[in-house]
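Trainee: As a plain string of letters, each chain reads:
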Amino acid sequence: MLGEFEYVRAKTIKGGYSLLAKAGGEAAVLAGGTDLLVNIRAGKASPRLLVDMKGVKSLDRLTFSPKTGALIGASVPLNTIVENRGIRTRYPGLAEAAWTVGSYQIRNRATIAGNLCNASPAADTAPPLLVLDAILEVASPRGEREVPVRSLFVDSKKTSLSFDEVVTAIRIPPVPATTRTAFLKRQRVKGHDLAILNVAGRYDPATGDLQIAIGSCAKTPVLVPPLGEPVPPDAPIPELARRLEALAIQVVHPISDLRATAEYRRALLPVFIRRLLEALLQQSDHREAIR
Amino acid sequence: MTLHPIRLTVNGKSEEASVPAAMTLLEFLRERLYLTGAKEGCGAGECGACTVLLDGLPVTACLVLAVEGDGREVRTVEGEAKATGLSVLQRAFIEEGAIQCGFCTPGMIMSARGLLERNSNPTDAEIVEAIAGNLCRCTGYEAIVAAIRRAAKEERDRR
Amino acid sequence: MTLIGAGVPRPDAADKVRGEARFVDDLAFPGMLHARVIRSPIPHGRILRVDLSRVATHPRVHCTVTPDDVPGENVVHVIYDDQPALASDVVRYVGEPVALLAAEDRESAREAETLARVDYEALPAVSDPLEALRPGAPVVAVPAAAEGRDESPNLFNRMRLVKGDVKRGFAEADVIVEGEYRTGYQEHAYLETQGAIAVPEEQGAITIYGSLQCPFYVQGAVAKVLGLPLAKVRVVQTATGGAFGGKEDVPSQVASLAALLAWKARRAVKLVYDREEDVLTTSKRHPSVVRYKSGAKKDGTLTAIEVDFVYNAGAYQTLSSAVLWRGLLTAAGPYRVPNVGIDGRSVATHTVPNGAFRGFGSPQVIFAHESQMDSLAERLGMDRLEIRRRNALRVGDETACGQKLKESVGVLETIERARELSRWEDRLRAVAAFNASHPHRRRGVGVSSVLYGVGLGAKSPFLDKAGAYLKLEADGSVTLAVGTVEMGQGLTAALSQIACDALGIRIDRLQLTPVDTTRVPDSGPTVASRGTLMSGLAVLDAVKKLRARILDASNGLGIPEEEIPARLNEIARSFFLRNLDPAVEGWAHAEPVDWDPETGLGNPYFVYSYATHVAEVEVDLTTGEISLEDCVAVHDSGKILNQGTASGQVEGGIVQGLGFAVTEEIAEKDGRLKVKGFTTYRIPTIRDAPPSPTVEFVEALYSPGPFGAKGLGEVPLMAAHAAIARAIAHAIGKAVSAYPLSPERVRQALAS
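Residue numbers (my numbering), protein chains in the order written: chain A, 21 to 311; chain B, 5 to 163; chain C, 288 to 1039.
No false leads were slipped in.
No more than 25 angstroms apart at the CA atoms, straight line, and that leaves these computed lysine-lysine pairs for DSS-like:
#1 A:74 to A:42
#2 C:961 to A:178
#3 C:961 to A:64
#4 A:177 to C:963
#5 C:752 to C:691
#6 A:239 to C:963
#7 C:956 to A:64
#8 A:239 to C:961
#9 C:961 to A:177
#10 A:42 to A:178
#11 C:956 to A:239
#12 C:963 to A:64
#13 A:74 to A:178
#14 C:963 to A:178
#15 A:177 to A:64
Chain B residues, not near chain A, derived (Cβ > 12 angstroms throughout):
#16 16
#17 17
#18 161
#19 163
Since the hints were made in silico from the structure, they are not lab data.
Ideal Cβ placement from N, Cα and C applies to all residues, glycine included.
Hey, can you work out the whole structure from these sequences and the hints?
Mentor: Here is the structure:
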């Protein structure tokens, strides 16, 4: 057994946040449990109460339309996202990132909401959601509010959400059909593993709009400051990569951990920026080389 | 400690029990139902030795609470074949030499079963994807892929 | 002979695919308690106070055990008896057992563990073996275990091998190459963690059920710690979920701890480690530093080698002296070397005691000797396979330790067959073409040849023996018992085949019973790739005796010899009716071995197995990532009794070798291993394994072996890691000198 805690399966969103509010910070939302239960077992988390939101039907839905974008309910497992045609077509970088989280078994339980709220610097779905300007829909006794993923991460393992707030869905704004997204990840083995470095990017050749985000290279996943000018599809990649690297260095602070040294992360950064640009601008497929 | 009443179907049989919140599905299967086929290899979802099917989908039972199984259908390696027989998949594992120490085998079989139910004609890449979350320290994996490939074909031929 | 060599399915397979094989944690006994071990959190310190009063008041705790409760000797009996079962005054590694508790259930045991209070006075620790040898270094070793204490208090063992005149050998050389090679920890990562159940029995006896390789070691250890005669300790092996050497010595500790609790509690006690505990506190492959100098003539002929190697043994001796010995006798490789100087040391440090791991002290020196062969080839402008071929041992040659090889030397055949199967020359050309065409990806091909002395050899000749018990049941079915274990390697299949083939019965008419120390005499450990060979010979001996009786009986019944298999039930019935003895015991012991510790020379092993592997890798120069693309593995293990299980051993060894050389790493800081479990210790997944390795056997028969068989289990890993390392060096065109060859190390090598 995993220690001692109580469990309640909430039937409504209100029921869920009311429980969280009542527990005064000693409760945790149980989504897929693939991080939470591991942390409880390891003694890194010791909530008194787990509030399971998977009984709330409305959190189970994933809807997508090119016009309105995607709405991913907080309980939707990652495999559903990986397999969703709309996500795969319109946000391939997100589908790719979701696919690299854990193993098939894990992805049948794990959720995007959990991946984000765990606030690991290495969270694979964070970089693509950052570049896609995704928004969390959050409910609490004070009402509903929207939290952009861009303002979610406060520190390693720490989000800006209050203890009584429940994520109900992740909304991804629509993007033009011309928009490209890509995701690249480096890990120690080719099978399931946490990232040494992960990067995601979004590019629209029609507007020249380019955004990239980097994970596992700072206390939180970070968005690289914008270039401030449109990027044409035939922009010379080496030069562009250099400029982006210079911008990235302002926001990353790689550390050494059990997966890699800071030096290695730093050395990978330009390689990954360049490959990401090749994927976005030239649509070359680096994934096989990466894995 | 509150006990939670749960009702679930395990290998086609309906089960009722009262479980503490902190009991995992793996513990429930092994210690309450004596279905010891699913193994704890790591307790952290990394090795896949505890893989069972939850409503038909492979999950690591060490990271599912027993109480989360309420109202759901669970299948374990013990449900793979009737009585003392062997399923096509189990026979393929034997014939392809996909077994050495056997500790990862129940999890491998359940990952493979989950795959074959959603995809009766998997490519090698799809087989690899399905068992990439199952660690094996003995075989080098090749024989396991061959076994699943063979089982898929034989199950298709039977239909 | 119909069953020998065939791919007969394993008799243990059906239980395993049905999930019905009973591993230790699948078993329970009435009233069984659950144990936890209270362990040292520091690498070195004096125990000031052990306060278990709060533990004892936990309502679900049944009892606790401290050193005062040990009825026998407070040691984990392996070789030197320097390791206490429970530390009583000083702790010497993080994770060392200090006290024990048993509770009614697992959760209570875990809870109660947190209530223990142990006060320590921290002492300075040393974790690097070279530092531990320096004067003034903190002392780790118990004096009685430090055979080299005159030289350094932390020198466990020093062994030397000197043949010919090394100085002259180097003077005769046209080229001399030198290198320093380092390898790190490797964790066994068997999928089933360590575990044992101790059950007190009537008449003051105890039974141990456990996941283990060496039932007779465990019997000896438990008898010693409980102060019981051996006859009062029975050990039964449960289905064992992988071992790889990790369940050679460690189960003696696990079982001793469970036994201490069971003895005090007078109830069954289960002790099963969780993964984190297992990874942190059990033995691993010895980290090593190997300095190697080789000389050769222009034509590639080796003239001399000089090797100096140091193994980090950890805090206690366990098996380190034997591991060092095998390193000493493997360091020259499968080559003719006329002038040899080898000097090996195993050194005590304040880290977890290291022990047996597939290859047993040989992989560390193999990385070195194969790197040296490539360096010589490069300097001489010679093909890497060719230089190995020229120096390979042949029948009639002398090994580096002066052993004249009388028969069964297949290394040359493995090299030649590996050349053909790998299409060596074509492959080198293809790789060069690929490299010329790609901006940042490089392919490389590596080769490695190895020799492996089968069995325990002259280090412990008293262990190379085995027994078998064979009984003809009244219906003509057969019961067989042996003393070596199945741990995944396929021993059940091989031994069943040997017995059934000789008796002419179907596999399903034979029952190989679980290994139980009460059924057969001490058969030595299931290690050193000796199971099939030694137990196989014992089974053959038993079969021969039983067959003679069967022949007698069938003569009496007028049954012609060729009809015996079909009419065995009739014959068996006549045994029963006529009060004939239907049971026999078989016995086998190895050919004599000898070795002189002064010179390091002699005939240390009765026979050697060999292998040559060719590996192809791809390296991404920008990130340092490595991909094992292909592997060709050719082995000489004498007669292969079961192609299927033998190929499986090789395929698995390749992937474990990949882990050793590339992915598996444990960082260590101040005596603390920075590892938690499989999240931090990454073993290769299916995506990392080569898609379809080629495995072939050349069979240089060993005439005293069962049907000419030698040993196989360890050899695949030994050859694989070095071939992969050499392929990486070839790909990047730089020397590589430290395992694991992680992307970071590859990048460092590229920058050098």
